[in-house]
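Asker: With chain W held as given, fit chain Y onto it using these hints.
There are 2 protein chains.
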Amino acid sequence: MSERAFQDYYPDELSYCYGCGRLNADGLHVRSYWDGDETVSVFEPRPYHTAVPGYVYGGVLASIIDCHGTGTAAAAAYRAEGRAMDSQPPLRFLTASLHVDYVRPTPLGVPLEIRGRVKEMKGRKVVVAATVSANGEVCVRGEVVAVQVPKHWMPQDDPPQDAGRGA
Amino acid sequence: MSERAFQDYYPDELSYCYGCGRLNADGLHVRSYWDGDETVSVFEPRPYHTAVPGYVYGGVLASIIDCHGTGTAAAAAYRAEGRAMDSQPPLRFLTASLHVDYVRPTPLGVPLEIRGRVKEMKGRKVVVAATVSANGEVCVRGEVVAVQVPKHWMPQDDPPQDAGRGA
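In order, the protein sequences belong to chains W and Y.
The first sequence finishes on residue 563 if you use the numbering used here, and the numbering steps up by one all the way, no holes.
The second sequence finishes on residue 563 if you use the numbering used here, and the numbering steps up by one all the way, no holes.
In isolation and in its complexed conformation, chain W is listed as follows:
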């Protein structure tokens, strides 16, 4: 793992995401790293992130897959361009679609490991497959279709209809 998470390189204006923005004081603060050709993140849900007592809420699991997916997409795009994540111009991805399969109940109270793998890169689109595991067992499988935010788009402007969406 590298020292700085992918999300630490996001421009300030794009660092308020509830799921992964380092500047969102109320957020989940998903932090993602390279681990060889895969990406990894460790997340520990709060006690109130429950579905039924003892198990993690599916919407939080969808959220951490979402942000780990867009983070993985950004990191993979820099890697494909052969440059570091602190080089210019910055690349940032948003979610076009998200699919989550809840394979088995996810226990609350243990760290969850999210792993991502780039399945497809084509133009501005990156498809990331992800798993969430607890105690070494896969509990959730997900897929994120991430789309690159155009360079000219700033948060103050209207985002384009074909790009800025989920995460």
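These are computed hints drawn from the structure, not numbers from a lab.
Bear in mind the structure is a predicted one, so any value in this text is a computation, not a measurement.
Worth double-checking, as some hints may not be accurate.
Claimed, not checked - Some chain Y residues judged to face chain W by a derived CB distance under 7 Å, without partners named:
#: 1; residue: Cys-413
#: 2; residue: Asp-422
#: 3; residue: His-445
#: 4; residue: Thr-446
#: 5; residue: Gly-454
#: 6; residue: Gly-455
#: 7; residue: Ala-458
#: 8; residue: Tyr-474
#: 9; residue: Ala-492
#: 10; residue: Tyr-498
Ideal Cβ positions, reconstructed from N, Cα and C, are used throughout, including at glycine.
Answerer: Only chain Y this time, still in chain W's reference frame:
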């Protein structure tokens, strides 16, 4: 709309869900109602539920679709049995899979309308199609595959491998 939301009828032990549990003090408190053959819920994201400034975080949108979907599944199952939601035995659904398409950015600061429609009912499975609209415009489309929690399952026990999952 009926006066009590679907979620008000959930048994206490199953009312701690972060997305919709009335007994989860920190939760989102999604509340769903019948509107003819569709179901409807109105949700106003908090200011910190942001993706990029001014727009709603996709994980929260996935969450409200998730809980409105399982609520719709429960209400539809009671209706199919021709009985009221406060009759016994209670029916409760959990999420097996969730799909979300972010059609356009969802503005923050306005009430969101979530609408659900039962697409399929088969045995213990209910598939619910959902939309999230802001200012009368559909921003998100989703689908929830919900599975009925078996009658014998209580939260203290291990949930079955083929049922208790997301919401």
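Asker: Against each hint, give a clear statement of whether it holds in the structure.
Answerer: Status of each hint after checking the structure:
no.	hint	in the structure
1	Cys-413	holds (5 Å)
2	Asp-422	holds (4 Å)
3	His-445	holds (5 Å)
4	Thr-446	holds (5 Å)
5	Gly-454	holds (2 Å)
6	Gly-455	holds (3 Å)
7	Ala-458	holds (4 Å)
8	Tyr-474	violated (19 Å)
9	Ala-492	holds (6 Å)
10	Tyr-498	holds (3 Å)
When the structure is compared with the earlier hints, a violation turns up for hint 8 alone.
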